[in-house]
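Undergrad: Residue strings, one per chain:
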Amino acid sequence: MIGNKKEAMTSRRKITQGFKVVKDQEVGAASTQPGFPTMIPSVSADQSFARELARLQSLSIEARIEEALTMKEQFAWLNPVIGDTEP
Amino acid sequence: MRKLLPILQAAEQVVAILKQHNVDSVVIGAVALAAHHYVRHTQGIDIGVSAALPVLQKVTESLNAAGLTAELSAPDADAPLGGVVNVSGGFGVVQIVNFCDRFPAVIQDAIRDSTMLLRPGSALKLAPLPQLVALKLYAGGLKSKADILELLRHNPGADLHDIMTTCQRYRLHGLEEIMAELARHGRNA
Chain A
1225 MIGNKKEAMT SRRKITQGFK VVKDQEVGAA STQPGFPTMI PSVSADQSFA
1275 RELARLQSLS IEARIEEALT MKEQFAWLNP VIGDTEP
Chain B
715 MRKLLPILQA AEQVVAILKQ HNVDSVVIGA VALAAHHYVR HTQGIDIGVS
765 AALPVLQKVT ESLNAAGLTA ELSAPDADAP LGGVVNVSGG FGVVQIVNFC
815 DRFPAVIQDA IRDSTMLLRP GSALKLAPLP QLVALKLYAG GLKSKADILE
865 LLRHNPGADL HDIMTTCQRY RLHGLEEIMA ELARHGRNA
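Chains as they are written, first to last, in this note's numbering: chain A, 1225 to 1311; chain B, 715 to 903.
Calculated from the structure, these hints are not laboratory results.
Ideal placement from N, C-alpha and C gives every residue a C-beta, glycine not left out.
Just to be clear, a hint being listed does not mean it is correct.
What follows is a set of in silico ranges between Cβ atoms, one per label pair, in the way DEER data are often shown [as the list claims (entries may be wrong)]:
1. B:788 x A:1279: 36 to 44 angstroms
2. B:723 x A:1253: 44 to 52 angstroms
3. A:1257 x B:794: 29 to 37 angstroms
Facing chain A, according to a computed beta carbon distance under 10 angstroms, are these residues of chain B, among others [unchecked claim]:
4. 750
5. 882
6. 886
With a straight-line cut-off of 25 angstroms between C-alpha atoms, the simulated SDA-like cross-links for lysine to any residue are [unchecked claim]:
7. B:859 x A:1261
8. B:857 x A:1295
9. B:859 x A:1259
10. B:859 x A:1306
11. B:859 x A:1270
12. B:717 x A:1261
13. A:1296 x B:859
14. B:772 x B:857
15. B:717 x B:805
16. B:733 x B:816
17. B:717 x B:804
18. A:1296 x B:826
19. B:772 x A:1273
20. B:859 x A:1272
21. A:1296 x B:899
22. B:857 x A:1269
23. A:1296 x B:772
24. A:1296 x B:888
25. B:857 x A:1306
26. B:857 x B:899
27. A:1296 x B:831
28. B:717 x A:1285
29. B:733 x B:819
30. B:859 x A:1256
31. B:859 x B:888
32. B:717 x A:1283
33. B:857 x A:1258
34. A:1296 x B:800
35. A:1296 x B:819
36. A:1296 x B:783
37. B:733 x A:1285
38. B:857 x A:1298
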């Protein structure tokens, strides 16, 4: 029992690391960035974008269009699953 | 050569029927965005035309006669579009979007300046970047604004001056703000 409580606290600490903890709630929350909706630059996001752009540029026109038209099927596994019991 | 997706086959058939009625067409919307490296989810294909309403009625009849399910939605007097034909089937939806008497220049210019086809020999012409941006400005809304920003981010070699000049020629406003956001991403017009 004590082990479970300790584990839950450690897990919560991990979840809320880098987030502002909202009082009286069991959720972590981040503040809206100042200047929203202006995007905050991110080197890692820029690198990821450059890789994706290079991939898209290497595809044919038809392949890019097919990707857009079949995206729903490609990401069908992302559909939410609603459980019937509370954790 | 690889077989086309059923929805692309349907779009080829729709364009061929439009051609029988002397209506030139160009692919606009998310499919054209994808051709220009901005791939985002879409379930349908939008085909831009500039045709008189009676012609569009005849096109609808021909589409139905060809075994497709086509329905024309006529425009209201103040509507920004000159009517839409929904062509549906097991393949999904192909929309013929009419800009006649509203914004015909953008479709005429897109057809004239298009250099991209779905594949060699295809009848599906893809709208050029300046006209795609202009159509998004014309449509308005936050989604269109985000589409323009992403479209330009995905085309770092695009001639931004040409795009701005084209939109100014069409008397469309709102691009400056998006260009400023783009500049914050490291690109300048």
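Undergrad: Going straight from one Cα to the other, do residue 733 (chain B) and residue 1285 (chain A) come out at no more than 25 angstroms?
TA: holds (23 angstroms)
Undergrad: Given the proposed pairing of residue 717 (chain B) with residue 1283 (chain A), does the C-alpha separation stay at or below 25 angstroms?
TA: Holds, because 17 angstroms separates the two Cα atoms, which is no more than 25 angstroms.
Undergrad: Check whether the Cα positions of residue 772 (chain B) and residue 857 (chain B) lie no farther apart than 25 angstroms.
TA: violated (33 angstroms)
Undergrad: Sort out whether residue 1306 (chain A) lies within 25 angstroms of residue 857 (chain B), counting only the CA atoms.
TA: violated (29 angstroms)
Undergrad: Checking one constraint from the list: CA of residue 733 (chain B) to CA of residue 816 (chain B), max 25 angstroms. Satisfied?
TA: holds (21 angstroms)
Undergrad: CA of residue 859 (chain B) to CA of residue 888 (chain B), is that 25 angstroms or under?
TA: Roughly 9 angstroms between the alpha carbons, so the hint for residue 859 (chain B) and residue 888 (chain B) holds.
Undergrad: Residue 859 (chain B) and residue 1272 (chain A): Cα distance at most 25 angstroms?
TA: holds (22 angstroms)
Undergrad: Is 29 to 37 angstroms respected by the C-beta to C-beta distance linking residue 1257 (chain A) and residue 794 (chain B)?
TA: This hint holds: roughly 34 angstroms between Cβ atoms.
Undergrad: Quickly compare the C-alpha distance for residue 1296 (chain A) and residue 819 (chain B) to 25 angstroms and report which way the hint goes.
TA: Violated: residue 1296 (chain A) and residue 819 (chain B) sit about 34 angstroms apart, past 25 angstroms.
Undergrad: With the threshold set at 25 angstroms, check whether the alpha-carbon distance from residue 859 (chain B) to residue 1259 (chain A) stays at or below it.
TA: Holds, because 18 angstroms separates the two Cα atoms, which is no more than 25 angstroms.
Undergrad: Is residue 859 (chain B) within 25 angstroms of residue 1261 (chain A), Cα to Cα?
TA: The hint holds at about 12 angstroms.
Undergrad: Against the 25 angstroms threshold, does the CA-CA distance of residue 1296 (chain A) and residue 859 (chain B) hold or violate the hint?
TA: holds (23 angstroms)
Hints 5, 6, 10, 12, 14, 18, 19, 21, 23, 24, 25 and 35 from the list above are not met by this structure, while the remaining hints are.
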